[in-house]
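J.: So the chains spell out like this:
Protein chains: 2
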Amino acid sequence: MTVMFLKRWLLGDPLKSAQAGHERLSKTLALAIFSSNAISSVAYATEEILLVLVLAGTAAVAWSIPISFAILFLIVVLTISYRQIVHEYPEGGGAYIVARNNLGELPALIAAAALMIDYVLTVAVSVAAGIAALTSAVPSLFAYRVALGLVASLFIIVMNLRGVRESGKFFAVPTYFSIGALGVMVGIGSFQALFGQGVSVSPDQQTAVEELTLFLILRSFAAGCSAVTGMEVISNGVKAFRRPESQNASTTMIYMSLILAALFMGISFLAYHYGVMPKTDETVVSQLARFIFGTGPLYYALQIGTMLLLILAANSAFAGFPHLASILARDGYMPRQMGTFGDRLVFSNGIVILGFLACFLLILFRGDTHALIPLYAVGVFISFTFSQAGMVRRWLTGKGPHWRKKLIVNGVGAVTTGIATIIIASTKFTHGAWIVFLLILVLVWMFRSIRSHYKAVSEQIALTRDHRPPIPRRNIVIIPISGVDQAVIRAVDYARTRAGEIRAVLVDVDPESTARIQTQWAQWGCGVQLTVVPCPYRSVLRSLLDHVEELLQKNQDHWVTVVIPEILPARWWQNILHNQRALRLKAALLFKDRIILTDVPFHLKR
Amino acid sequence: MTVMFLKRWLLGDPLKSAQAGHERLSKTLALAIFSSNAISSVAYATEEILLVLVLAGTAAVAWSIPISFAILFLIVVLTISYRQIVHEYPEGGGAYIVARNNLGELPALIAAAALMIDYVLTVAVSVAAGIAALTSAVPSLFAYRVALGLVASLFIIVMNLRGVRESGKFFAVPTYFSIGALGVMVGIGSFQALFGQGVSVSPDQQTAVEELTLFLILRSFAAGCSAVTGMEVISNGVKAFRRPESQNASTTMIYMSLILAALFMGISFLAYHYGVMPKTDETVVSQLARFIFGTGPLYYALQIGTMLLLILAANSAFAGFPHLASILARDGYMPRQMGTFGDRLVFSNGIVILGFLACFLLILFRGDTHALIPLYAVGVFISFTFSQAGMVRRWLTGKGPHWRKKLIVNGVGAVTTGIATIIIASTKFTHGAWIVFLLILVLVWMFRSIRSHYKAVSEQIALTRDHRPPIPRRNIVIIPISGVDQAVIRAVDYARTRAGEIRAVLVDVDPESTARIQTQWAQWGCGVQLTVVPCPYRSVLRSLLDHVEELLQKNQDHWVTVVIPEILPARWWQNILHNQRALRLKAALLFKDRIILTDVPFHLKR
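Sequence order for the protein chains is A and B. Take the first sequence: its letters are residues 328 to 933, numbered as in the working numbering. Take the second sequence: its letters are residues 328 to 933, numbered as in the working numbering.
Keep in mind that a hint or two might mislead.
Which copy is meant is left open, because identical chains are indistinguishable; a pair holds if it fits in one copy or across any two.
[Stated by the list, open to error] In silico SDA-like cross-links for lysine to any residue, where the CA-CA straight-line distance does not exceed 25 Å:
id	residue 1	residue 2
1	K932	L916
2	K726	Y582
3	K913	L868
4	K726	Y627
5	K913	V473
6	K919	L468
7	K782	W761
8	K881	I749
9	K881	A520
10	K919	V860
11	K782	W900
12	K881	C686
13	K733	S353
14	K733	Y582
15	K354	V859
16	K913	W900
17	K566	G727
18	K566	L521
19	K919	R908
20	K726	V478
21	K932	R778
22	K566	R410
23	K932	S779
24	K932	F542
25	K782	A842
26	K566	E538
FYI, nobody ran anything at the bench for these hints, they're computed from the structure. The model shown is predicted, which means the values in this text are computed figures rather than measured ones.
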């Protein structure tokens, strides 16, 4: 009862299915929920670019500007090509669905696996970066960053289990607050920079440890590609928008891209202008904010805003992951319970699994954003590429109005994201991307195994012929007992309500108590036969199993119903003091054919 | 099947009860099994004495000799007084039994709790010290001491699960080998010391960090008291001896004490003579052996011997703990399954629990003997004191032949161990002994809770009146279905073999599939009524529970039998893909009165 109460208090009362329609999101709420993932990347993307470039010394940092422009190009291409997907798939056009519709099963499963991995990484990276924003402002918390990350994750999990609309409301205010704060910083900073009021600090000169090769520049670009992760989230969630879904989603996408592009380019430009270098214990954005605002109230407001934005960004993965899992479950590639709505109209199982995996990563990588980045973005770019390629195929085969124009848009998208994928995969491969490829393989294998299992099952249980499969005609009922008490009597009386042969079975562990039980049985047994079976190995379980096996052998055309008198304690911990034998007996009997297990409960009051 | 095979291979074939008599031990085997605990303490007791004294500087070490004599006095007193217990309690006279017979329930439970804690510590301390003997000889293994300790523990656990006699055989050879090796070392060392051939090394002068107070000397004595732990083991296991049990046990006890006293006094004397000081990475015995033997084959033989003796010493706890747990279970203070013999005539559950707890301590204390010592010996001295006090009470009330002489013997024992207990408890209290006191309280509370629960249960299920308790007279059978397939048809056909009203219940999740299932039912349902229940909250489980609740309300005088068609996969991992709903349904229904759960299995072939 207490557990149920806690659940209600945390998650709210169950919602009726009929309430589902009302759970749709306005554009303002949808932008907060679906865009925080993409926009929040600005908090770490520039830093990740610099972190690679600085390996080649301070001078190499100038490359951050052309790299940022390359990423801006990616943002533009993705926005235009994803808008086409949003219009074409109003039911929600995740990479999995687009690939399955247009490319076939294997590409679809690869895209799905890649996306699932990236959802988990999104949560871990966002939470880690959010906590980094906090510890940049309050360095004394640095030591507790893993614990803080776990608390933040749990908070998001609970919010999501409450249901989508309430989460939206809850998350909208801080999201807009932090976008605003970042905007003010970029605005003031740019103004100061342009009109020469800002003091350009000369950074510590970093010695080069690597040469400035093309590979290093590409690696820096790959690290920066984390900026565009999350741009696909809207296309997965078109159905969550108010009508007209596609139109609203498409518009929201443009807002999102504009905000993302402005903030990302602004931060990259300012970081270069002020000569900010990555530090272990302070983020680039935090350093920038100190230059622009000074360490005052505005600075702290920005850090808190950034933290909230990042932590809430993880939230968008909690919309995407369970949704994808439910689609996969519906198609038979995931266990069926992933496709079941919980009390609050959300896919509770998916939320819990995503939360658990993300917490695991946070602990494993000690809450360090930089350590997680090499794994990140690989998956998302694979799914980008499959989406765009799927759309190209769609226009080529389906044609339809303006198909040439649309083909060119998605064609450019496919080629651009394809090249980016190759760059990311090759530059990050040895730094951890190989783990992602391995995981994709494992997941795809898992999806196919699950599907083929469900298929085998449905073949086996299908009613194909018109005649019923033959089943046993008669029934022997046995009641294993180890004494005579009210629970046993109750089981006997229940068994007597039914037709068929009934006998109690007693294992002869100790002749003395066997004799005593036989006497009691004469009084209470109601004429039901009592069979005493020998117990050469002191194992009651083994003796009972042998006896049942013998019954099955002797009576080939019978069911054997085992009626188990089960004493149910009043409190859960008391279970350890009861039913261990019943449990083992049931586990052993479950795997025999023609055995039917029947529990007759006897409820204790105290 | 593989698991069963592995179990057989590791543990041997099951033994018949009739073979139990043959499992009795000869004195030679019993000495190996029951004495290794006490004797092996010589490997660390002297070191623990020195470790405390050296805090007061090198000069204070001279106090180790009088302290050793005090401990020798304890050994003598315990030997004499425990022989009386062995004779008085041929069935096995552990502290629990003696206290229960003579002092009452509470002292008995305190003694039992204290003993159980000390059994666990015995395993942890012995294994840690055994590994220390190994890493003293091979310092490169020092880093792996926890892992090595765990491997050793697992080895002992498996040996014990095989059964008592085979363990005895297996353990006798190394035990005697190591006693011999230690004896040779003490012999040669003493000879050299007496006849001036040994080179007395002048130890590094240690600076005093504490003053040489009476408290420090008493703390050193308390640490040294670990030498006598395990002396009670024989009295617990009298029943395992060959006839005449008491006589054989008593004789074995004398041999044990003689060996223990000789080795302990020898090592303490030699350590002082050679000026050996405790080191972090080498035991005192190892240093001593290097002085006496040089680092040659004899030295290595001794270290290996000591290691084996210590690791096997843990074994005696594996005889004592499960035995005590089974006695407690028989008296209703522990869960009943602790009192059940396993396949190999040993109390398997007790062995596994002891092994698990000891491994937990090894990991928690990083396999460090010194860290464990402050917890050790408290419990065993509490049980010593209760045993002796119980015997005193026995002679006072029961009298009998020579009762005055016997009273004096146990009186001296009670006073001596009582004083030692107070010294140990007070000097070690802040160093960790408080944990032991707390645990004793918790265990005693647990014992009493379990007992009072079992008592409440037996009152509730007792058949006290001559008339049968009234039970429901009629039966409604419902079969929850979510489709029509062979598993469902099988359940329906089974249900039809019995009398009573039968109906299938379908939860209306989706009107389309409901209509389809109704059509199929018309063909396959054999005239069984199909009830469609609404599903406002999308929770199939909740709808079913509501329906069942309604049935129970409407039919107060009926059983409601829920027949569940259960699809059983061919492989265990496939369970995650099935029956989640059935499982949740069963868990929810188990706690309702008048509900009978019946599983009709449908076994998949692939």
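J.: Determine for every hint whether it applies to the structure shown.
T.: Structure-based check of each hint:
{"no.": "1", "hint": "K932 <-> L916", "result": "between (29 Å within a copy, 17 Å between copies)"}
{"no.": "2", "hint": "K726 <-> Y582", "result": "neither (29 Å within a copy, 97 Å between copies)"}
{"no.": "3", "hint": "K913 <-> L868", "result": "both (10 Å within a copy, 23 Å between copies)"}
{"no.": "4", "hint": "K726 <-> Y627", "result": "neither (54 Å within a copy, 84 Å between copies)"}
{"no.": "5", "hint": "K913 <-> V473", "result": "neither (43 Å within a copy, 39 Å between copies)"}
{"no.": "6", "hint": "K919 <-> L468", "result": "neither (58 Å within a copy, 50 Å between copies)"}
{"no.": "7", "hint": "K782 <-> W761", "result": "neither (32 Å within a copy, 61 Å between copies)"}
{"no.": "8", "hint": "K881 <-> I749", "result": "neither (67 Å within a copy, 68 Å between copies)"}
{"no.": "9", "hint": "K881 <-> A520", "result": "neither (94 Å within a copy, 80 Å between copies)"}
{"no.": "10", "hint": "K919 <-> V860", "result": "within (20 Å within a copy, 33 Å between copies)"}
{"no.": "11", "hint": "K782 <-> W900", "result": "between (40 Å within a copy, 16 Å between copies)"}
{"no.": "12", "hint": "K881 <-> C686", "result": "neither (55 Å within a copy, 48 Å between copies)"}
{"no.": "13", "hint": "K733 <-> S353", "result": "neither (28 Å within a copy, 91 Å between copies)"}
{"no.": "14", "hint": "K733 <-> Y582", "result": "within (21 Å within a copy, 96 Å between copies)"}
{"no.": "15", "hint": "K354 <-> V859", "result": "neither (74 Å within a copy, 40 Å between copies)"}
{"no.": "16", "hint": "K913 <-> W900", "result": "both (20 Å within a copy, 19 Å between copies)"}
{"no.": "17", "hint": "K566 <-> G727", "result": "within (23 Å within a copy, 91 Å between copies)"}
{"no.": "18", "hint": "K566 <-> L521", "result": "neither (44 Å within a copy, 95 Å between copies)"}
{"no.": "19", "hint": "K919 <-> R908", "result": "both (17 Å within a copy, 21 Å between copies)"}
{"no.": "20", "hint": "K726 <-> V478", "result": "neither (51 Å within a copy, 67 Å between copies)"}
{"no.": "21", "hint": "K932 <-> R778", "result": "between (46 Å within a copy, 16 Å between copies)"}
{"no.": "22", "hint": "K566 <-> R410", "result": "within (14 Å within a copy, 83 Å between copies)"}
{"no.": "23", "hint": "K932 <-> S779", "result": "between (47 Å within a copy, 14 Å between copies)"}
{"no.": "24", "hint": "K932 <-> F542", "result": "neither (73 Å within a copy, 54 Å between copies)"}
{"no.": "25", "hint": "K782 <-> A842", "result": "between (54 Å within a copy, 23 Å between copies)"}
{"no.": "26", "hint": "K566 <-> E538", "result": "neither (49 Å within a copy, 78 Å between copies)"}
This entry does not satisfy hints 2, 4, 5, 6, 7, 8, 9, 12, 13, 15, 18, 20, 24, 26, going by the numbered hints stated previously.
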